[in-house]
Amino acid sequence: MLLAIFVVMIVSVAIAYSSYYERIIVMQEHRMNVSGPAPINLTSGSPVLGSASAPITIVEFGDYQCEACYHWYHNTRADIIDNYIETGKVNLVFMDLPFLGRDSITAAQATYCADDQGKYWEYHETLYNFQEAIDNGWASKDRLVSFAFNLDMNLDAFNDCMDSSKYAKRVKANYDESQRFGAEATPTFLIISPDGAVKKITSAQPYSVFSQVIEPML
Amino acid sequence: MFSSTAYTILAGVIFFVMLIPLLILSEFIFLEPFFIFHIPYEQSFGFVLILAVSAMSAIVIPMNVYRIRTLQKSTSKIGGGVLGSIIGASAGICSCGPFGFALISTFGAVAGTATAFLSNYEILLRLGSVGILCLVYYTTTKSISSECKIN
Numbered sequence: 029m030l031l032a033i034f035v036v037m038i039v040s041v042a043i044a045y046s047s048y049y050e051r052i053i054v055m056q057e058h059r060m061n062v063s064g065p066a067p068i069n070l071t072s073g074s075p076v077l078g079s080a081s082a083p084i085t086i087v088e089f090g091d092y093q094c095e096a097c098y099h100w101y102h103n104t105r106a107d108i109i110d111n112y113i114e115t116g117k118v119n120l121v122f123m124d125l126p127f128l129g130r131d132s133i134t135a136a137q138a139t140y141c142a143d144d145q146g147k148y149w150e151y152h153e154t155l156y157n158f159q160e161a162i163d164n165g166w167a168s169k170d171r172l173v174s175f176a177f178n179l180d181m182n183l184d185a186f187n188d189c190m191d192s193s194k195y196a197k198r199v200k201a202n203y204d205e206s207q208r209f210g211a212e213a214t215p216t217f218l219i220i221s222p223d224g225a226v227k228k229i230t231s232a233q234p235y236s237v238f239s240q241v242i243e244p245m246l
Numbered sequence: 004m005f006s007s008t009a010y011t012i013l014a015g016v017i018f019f020v021m022l023i024p025l026l027i028l029s030e031f032i033f034l035e036p037f038f039i040f041h042i043p044y045e046q047s048f049g050f051v052l053i054l055a056v057s058a059m060s061a062i063v064i065p066m067n068v069y070r071i072r073t074l075q076k077s078t079s080k081i082g083g084g085v086l087g088s089i090i091g092a093s094a095g096i097c098s099c100g101p102f103g104f105a106l107i108s109t110f111g112a113v114a115g116t117a118t119a120f121l122s123n124y125e126i127l128l129r130l131g132s133v134g135i136l137c138l139v140y141y142t143t144t145k146s147i148s149s150e151c152k153i154n
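Top to bottom, those sequences are chains A and B. Each residue of the first sequence is one higher than the last, beginning at 29 in the working numbering. Each residue of the second sequence is one higher than the last, beginning at 4 in the working numbering.
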């Protein structure tokens with residue numbers, strides 16, 4: 029029994045690693061074939077948080093059910109907002125990389141339905157404040173509607189938007205963009221400098237790491 | 004037994020071989036863009052459990068290796084130690100991390116459910132793992148004391 033569990037784990041790890049390795053090879057080949065990475069297309073992402081003319085842009089690829097995204101949101105984001113976004117040095121765009129569960133996709137779509145009513149960032153914050161275990165119902169359709177209710181949104185418009193899957197393609201476009209830039213975990217951050225150079229930070233790293241990457245770009 | 008240098012070295016190797024990958028998988032150590040070791044306050048219990056799993060594995064596995072090699076006893080007890088270590092290590096796989104992402108993109112919904120389970124019950128699984136390792140430690144100590152008794 030123990031041997032069987034061990035063998036299954038080794039085989040799973042080997043297959044997952046080979047798939048991960050293949051993707052790395054494909055990305056390396058892609059890099060060799062292009063003179064430079066095409067600029068990231070942010071049009072399908074969130075509204076810009078901060079000044080649109082800020083010299084540096086942080087792109088966050090995240091999943092509303094991801095615990096690491098939750099930790100980043102609660103431990104690091106506020107310092108970045110205080111020191112860089114509110115001072116006009118940096119702006120932030122959130123792009124969806126919903127892969128953890130079925131509710132990840134609907135939660136991402138719900139944020140754009142909230143955006144229709146001018147409440148994208150309020151809804152985004154609500155999701156990260158109420159996050160629970162993956163697919164345990166905390167982001168079910170009913171809960172998403174109740175979050176909209178708490179934000180005084182027009183529920184008929186919100187329900188119509190959700191029922192029609194109006195933003196399914198937008199969320200998929202975000203996912204595709206994340207893969208084009210090699211995001212293999214959530215949260216993944218791209219820090220885009222004024223000259224277009226991109227630095228990647230993977231996972232919920234502390235504020236000091238962001239500061240060390242951003243400061244030389246200013 | 005741990006007065007023997009070989010077993011002390013084996014224990015040290017097992018401790019670090021368990022600890023470092025677990026700290027990386029659980030995102031306490033980051034290697035890029037800079038090396039950084041970071042324990043968020045709300046995850047400090049998870050960190051303590053990783054230390055406990057690594058330390059218990061480093062004690063239990065060499066004890067059973069000693070028991071098998073020196074006393075020529077059956078390998079059944081080492082199974083419990085390895086099982087406890089595997090559960091503790093598996094619980095460290097962060098479903099949001101690159102490994103979870105690779106598993107989910109390769110195996111789809113099944114891997115999604117499995118990694119969600121490992122993430123959602125991470126602390127309970129690690130506590131279970133420490134429990135199994137403590138039990139194996141107790142039975143192995145008892146077994147070694149009785150088997151080494153001079154009649």
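Honestly, the hints are just simulated from the structure, not real lab data. Treat the hints with care, as some may be off.
Claimed, not checked - Computed, partial: chain A to chain B, Cβ under 7 Å:
(1) N103
(2) L128
(3) I162
(4) E212
(5) T214
(6) P234
(7) Y235
Unchecked claim - Computed footprint of chain A on chain B; a stretch qualifies when at least three of its residues, placed anywhere within it, have a C-beta under 8 Å from a C-beta of chain A:
(8) 28-41
(9) 103-116
To be verified - A few chain A residues that don't get close to chain B, going by computed Cβ distances all over 12 Å:
(10) T115
(11) R130
(12) Q145
(13) A211
In this text, a Cβ means the ideal position worked out from N, Cα and C, and glycines have one as well.
Okay, the hints, checked on the actual structure:
Interface restraint check for N103 of chain A: the shortest CB-CB distance to chain B comes to about 6 Å, inside 7 Å, so the restraint holds. Against a cut-off of 7 Å between C-beta atoms, the interface hint on L128 of chain A holds, since the closest Cβ of chain B lies about 6 Å away. Against a cut-off of 7 Å between C-beta atoms, the interface hint on I162 of chain A holds, since the closest Cβ of chain B lies about 4 Å away. Taking 7 Å as the C-beta cut-off, the interface hint given for E212 of chain A holds, the closest approach to chain B being about 5 Å.
A hinted interface residue such as T214 of chain A counts as satisfied when its beta carbon comes closer than 7 Å to some beta carbon of chain B; here the least separation is about 5 Å, so the hint holds. The beta carbon of P234 of chain A comes within 5 Å of a beta carbon in chain B, closer than 7 Å, and the hint placing it at the interface holds. Residue-level restraint check for Y235 of chain A is violated (minimum Cβ-Cβ distance to chain B is 10 Å; threshold 7 Å). Chain A is given as covering the segment 28-41 of chain B, and this holds because 7 residues of the stretch bring a CB closer than 8 Å to a CB of that chain, at least three being needed.
A stretch counts as covered by a chain when three or more of its residues have a beta carbon under 8 Å from one of that chain; for the segment 103-116 of chain B and chain A the count is 10, and the coverage holds. No Cβ of chain B comes within 12 Å of the Cβ of T115 of chain A; the nearest lies about 23 Å off, and the non-interface call holds. Not every CB of chain B is more than 12 Å from the CB of R130 of chain A (nearest about 9 Å), against its label as outside the interface. The non-interface label for Q145 of chain A is consistent with chain B: the shortest C-beta to C-beta separation is roughly 29 Å, beyond 12 Å.
Annotated as non-interface, A211 of chain A brings its C-beta within 12 Å of a C-beta of chain B; the closest such distance is 9 Å.
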